Amino acid sequence: MSRRALFARLSEAKRVVQISAPAGSGKTVLVRSWIADAGLAQRAAWVPVDSQERDPRRFWISVADALRGTAAGAALVRPLTAAPDLDGWAMVERLLTDLSRLEDRLWLVIDDAHLLGSREVLPQLELLVLRAPPELRFVVATRRDLQLGLHRLRLEGELTEIRAADLRFSLAEARVLFGAAGVELPADALDRLHGRTEGWAAGLRLAALSLDGHPDPERFAEEFAGSERTVADYLLAEVLDRQSEEVRRLLLRTSLLERVNGDLAGLLTGTSGGERILQDLERAGAFVVSLDAARSWFRYHRLFADLLQLELRRTEPGEVTGLHRVAAQWFAGHGYPVEAVRHAQAAEEWGLAARLLSDYWPGVLLSGRGSILDELLAGFPRGAVAADAEFIAVRVAGALVRGSLDEAGRDLALAASALAPVPADRRGRVEVLLCVLRFLLARRRMDFPVVAEEAQRLLALMKTADAARLGLGEDLHAAVLISLGTAELWALRFEDAERHLEQGVDLARRIGRPYLEFTGLTHWAHGRMLFRPDGLQAARVGQAVELAERHDWGEDPRAGIVCIALGGEMLYQGRLADAEPWLERAERTLRTEVEPAAGMSLRYARAVLEMARGRYPQALAAFEAADTLAAELVRPNTSVTSMRSRMVQALARAGQAGRAAAVLAELDEDERASAEMRTAAAALHLARGNPQAAADVLAPVLDGSVPGVRQARMTTALVQEAAAREALGDWAAAGRALERALDIAESTGIILPFLLDPAPAQLERHGRYHTAHPALVAQILDLLAGPGPGGAEGVGEERLPPPGGIVPPRLVDPLTDSEIRILRYLPTRLTAQEIASELSVSVHTVTTHMRHLYAKLGVHRRRQAVEYARALGLLAPAPRGA
Amino acid sequence: MYYQIRIRGRLSKTLLGAFPELRAQLLRSETLLAGQLPDQAALFGVLDRIEGLGLELLEVLRTEDH
Chain A
-14 MSRRALFARL SEAKRVVQIS APAGSGKTVL VRSWIADAGL AQRAAWVPVD SQERDPRRFW
46 ISVADALRGT AAGAALVRPL TAAPDLDGWA MVERLLTDLS RLEDRLWLVI DDAHLLGSRE
106 VLPQLELLVL RAPPELRFVV ATRRDLQLGL HRLRLEGELT EIRAADLRFS LAEARVLFGA
166 AGVELPADAL DRLHGRTEGW AAGLRLAALS LDGHPDPERF AEEFAGSERT VADYLLAEVL
226 DRQSEEVRRL LLRTSLLERV NGDLAGLLTG TSGGERILQD LERAGAFVVS LDAARSWFRY
286 HRLFADLLQL ELRRTEPGEV TGLHRVAAQW FAGHGYPVEA VRHAQAAEEW GLAARLLSDY
346 WPGVLLSGRG SILDELLAGF PRGAVAADAE FIAVRVAGAL VRGSLDEAGR DLALAASALA
406 PVPADRRGRV EVLLCVLRFL LARRRMDFPV VAEEAQRLLA LMKTADAARL GLGEDLHAAV
466 LISLGTAELW ALRFEDAERH LEQGVDLARR IGRPYLEFTG LTHWAHGRML FRPDGLQAAR
526 VGQAVELAER HDWGEDPRAG IVCIALGGEM LYQGRLADAE PWLERAERTL RTEVEPAAGM
586 SLRYARAVLE MARGRYPQAL AAFEAADTLA AELVRPNTSV TSMRSRMVQA LARAGQAGRA
646 AAVLAELDED ERASAEMRTA AAALHLARGN PQAAADVLAP VLDGSVPGVR QARMTTALVQ
706 EAAAREALGD WAAAGRALER ALDIAESTGI ILPFLLDPAP AQLERHGRYH TAHPALVAQI
766 LDLLAGPGPG GAEGVGEERL PPPGGIVPPR LVDPLTDSEI RILRYLPTRL TAQEIASELS
826 VSVHTVTTHM RHLYAKLGVH RRRQAVEYAR ALGLLAPAPR GA
Chain B
25 MYYQIRIRGR LSKTLLGAFP ELRAQLLRSE TLLAGQLPDQ AALFGVLDRI EGLGLELLEV
85 LRTEDH
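Residue numbers (our numbering), protein chains in the order written: chain A, -14 to 867; chain B, 25 to 90.
Note that these hints are calculated values from the structure, not bench results. What you are looking at is a predicted structure, and each value in this text was computed from that prediction instead of being measured. One or more hints might be untrue.
[Said to hold, decoys possible] List of simulated lysine to any residue pairs, SDA-like, C-alpha gap at most 25 Å:
hint : chain 1 : residue 1 : chain 2 : residue 2
1    : B       : K37       : A       : E823
2    : B       : K37       : A       : G307
3    : B       : K37       : A       : R494
4    : A       : K(-1)     : A       : E823
[To be verified] Per label pair, the in silico range of CB-to-CB distance:
hint : chain 1 : residue 1 : chain 2 : residue 2 : range
5    : A       : D35       : B       : A66       : 23 to 29 Å
6    : A       : R261      : B       : R73       : 30 to 36 Å
7    : B       : A65       : A       : S(-4)     : 38 to 44 Å
8    : B       : R86       : A       : A59       : 53 to 59 Å
9    : A       : R86       : B       : R86       : 53 to 59 Å
[To be verified] Cβ-to-Cβ under 7 Å is the rule here; a few derived chain B residues that face chain A:
hint : residue
10   : R34
11   : S36
12   : L39
13   : G59
14   : L77
C-beta atoms are modelled at their ideal positions from N, C-alpha and C, and glycine is treated no differently.
My request is simple: use the sequences and hints to build the entire structure.
The structure is reproduced here in C-alpha cells:
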C-alpha cells in the first residue's frame, strides 16, 4: 500500500520522526512499506521494543544488532555482547563512537517505543539522538508521546511529527487499499465504511479482509455503519466468521504467544500446515508480521493479539491454561527458558514455572542475563516465593546479581531450612544449586574456607555421571574453577590459584564463554601482580585486554580489576606516575559493592600510592575507605591484614601514634605475630623513638622463624631494621640490612618499600661506599627526590605496550562521576540551565562542575573542553560535519 | 475508590472480557464501565487496556456515591 504524501514526509524528514498515534493506526505498516518503497532495506535498522524485556542492555544489544544488519552499520558497529555489569550508558557511548564515522545515511527505526516506558533507557536514547552523527536518522513509532527532549529538536526544525490525524486514510487511499485486497466497492458503500472507521487503518484492513469474496458488500457496509459496536470488535468477529475453521483455530490459539512459528502453531492447534497459514496471513497484510528473513517466526500486531486473546477467553475459556502450559514446555525444550517460565506463570502452573526457573536460572545467570531473575520471581504469587526452597534459591541468585550480600546470606540460610518439603527426585539438584550459591556468596565475601569446601564438593560432583542431571554443565564448571582460583589468590595459595584459573580460562575458551575467560584472565594477572610480580603477567593482561577490546568491556568492572593489576604492578616498581592513571580508571569502573575484595585492593593501592608520595592525609582517607570494605570480608584475611599493617605504618608516620597503637591493640595474638603486623609495630616503635623495641619485634621476620613472608614485606622489615640499627649506633648491622633489602629489590624489581619508609640520607651514605647496587640506589634516590626537573619519576625502561582502547587518560586529577555526567552534555547545544534541568540539579551545581572539569582539563572554553576530552577518550569522537 | 469510565461505542462480550473488575452499562453509542478500584495503579491498568485495544476513551470520573 503506497501512501505517497506520508512517504514523502518520511523521506524528507530531518533528524527525527516521531509517529505518535493509538493502536491500530498503521504506524508499523507505514514505516515498513515506506522502507520497501524507497528501497531502504539495506539502510534501515528495525528495532521492535520487547514488552517483556526490562533490561536496558537488552534493548541496546538489539539496537546494535539491527544496525549491524544494515550495509553501513555492518562495517562500523561492533557487536555488543551481554556482560553482567556493563551498563546502557556505556553501550550508548560505544554506539556513538562506532557511528561517528558514519558517512551514508542510516535510519534507526524504534517500533513500539512507548514500551520503553519511564525506564533509564529513555534518557540513554535521548543521549544517542542528541549526539548522533547527522547521517543517522531516527524514526520512533509510539502510542504515547515520549519525553525525549524532542521540544528542542522541534524548535530547531529537526523534528517531523506524524500523528493520528495524519495517519488516517483518505477516501481515495481507502479505495486503493480495498482495490489492493481485491475488493471492489460501490462508491456509497466505500463512503460508509470510510466514515464508520474514520479512516482508522486497523478498521479498514479488517473490513477488507471481511469483504474479500463477500457475496454482498453493500449490505455488509450498511450493517456495519448501522452498528454501534466498536469498530475493531465488530470487524474482527466478521473476519473470524469468514475464515476456515483451521485458520480461525490457529488465530485464536496462537494469539497468546509473543511470537509464533509453524512448529509451535501446530502444537497448539493439533494440526500441521501452521507455517503456511502464517505466511499466507502475512501476505494478506492480516494480523501477523514475520520476524526473520526466512519468514519462520511471526508476531501478531498487538491490537489484534489482544482482541484475539479476548475472543479465545470468551469462546474457549477452559483452553487458555492448557495452551500456556504446552507453550511453556515447547519453549523450555527449545532453549528459551525465560519465555517458558512466563508461559508457565500465565498458566498459573506454579509448580511447573518454579521447576523451569529452578532448572534454568544458572544458565540465565552465566549468560549475563541475571537481572531478569528478580522480575521472573515477581511473577509468582507472594506466598509461594516465601516458603519454597527452590524459589528462595532464585531470590539468592537475584540478590547476588545486585550485590546485596547480606540479603543473599539470610535467604541462603532460609532456603537450607526449607529443603525438607522438596520432593526427593529434585532434592539432590536443589542441594547442588544451594551449594553453588553458597560458593558464589563466599567468593564475594572472600570467605576462603567455605569457598574451598563448596568448590571441592562441586568439582567432585562434576566428575560423576549425575552431573548433567544435577544441572552442572561446563559453563558452571568453568565459573567454579575461576571463582575458586580467585578466592585462592586472596588466601595466598598462589600455585593452586594459578592452576585453577588456568583450567577455568581454558575451559571457558573451549566452550565459547568469552566473559568467563576474561574474568579468569583478569584475576590471574591481578594475582601475579600481588603475589609474584615477575613481568609474566603482561601476556595474560594482553589477552584480557584483547578480549575486552573485542567485546568492548573497557568500562566493565572486570576491566577495573585488570587496571588494579597493572597499576599495582607499577606501584611495586616505584612507577608512581605510571600507576596512577590505571588506578583512576579502576576507580571509575569498579563497583565495589559487588566486588568488595577488589574494591578493597583498589583503595589499598591508592593509599599506598599517596603514602609513597608522602601525602598522608590522602593516604589515610584511602585506608579508611579500604577498611570499610574490609569489614564486608570474612576475617582473618591475609589481604586485610596486609592492608591494615600498612595503615598502621601510615598512621605512625603521620604522627598519629595513638591511633596506630589502638589498631594494633585490637588484634588477636595470631594476627599480631604475622610479618605484616610485626612491621606495623616496628613502624610505631620507630615513630615513638624506641629502636630497640622495633628491632626486637622484627627479629623473627628477619631470621626466618615467621614463615611465608612476602618479598615486599621482607624488604620493609629490612629497611626498618636498618633504621633501627642506625638509631642504636650499630652502623655495620644497619648496612647489612640495607644491602639485603637492595638485593631483593634488584632481583624482583620491587622498589616500593624504600618509598614507604624513606631514608634518603642513609641510602646515600650506603650507596657511596658499601653496596653492590649503586645504580639501584641512585634510582631510588631519584624517586625519593620526587617528580620535577631534578627527579625522574617512573623508571620503567620496559613499559607495557599501550593496550588499545583501555589506555587511561593522563589527567593529573581524575574527573568525578558528576563531572563526567556534565561532560557528556558539553558537545550538545544545551545551556548550563538546560543541562541542569536535564539532570534535575541546580544550575549552580552544573556551573561548579563545569568550572572544576575545565580546571582539571586545563582549558577555559567549552569547545576546548570538548576537544580535549575527545582527545583523552573521555568523549566519543566528533560526529562528521559537526 | 469508585470510578466511572466512558468509552465510545458499544463493547461486545468479547471486549468486556478485558474488564472483569468493572460493571458495564451499554448506552446508545457508548459504554459506561463503573466499579470499585483499589487505587490509581489499578485505574491506570484499566486505562492501559483501553489504549491497548484501540478503544476511544471519552471520560474518567471518580465519584463518592455509587
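*asked:* For each hint given before, does the structure comply? Return the numbers of the non-compliant ones in rising order.
replied: 1, 3, 13
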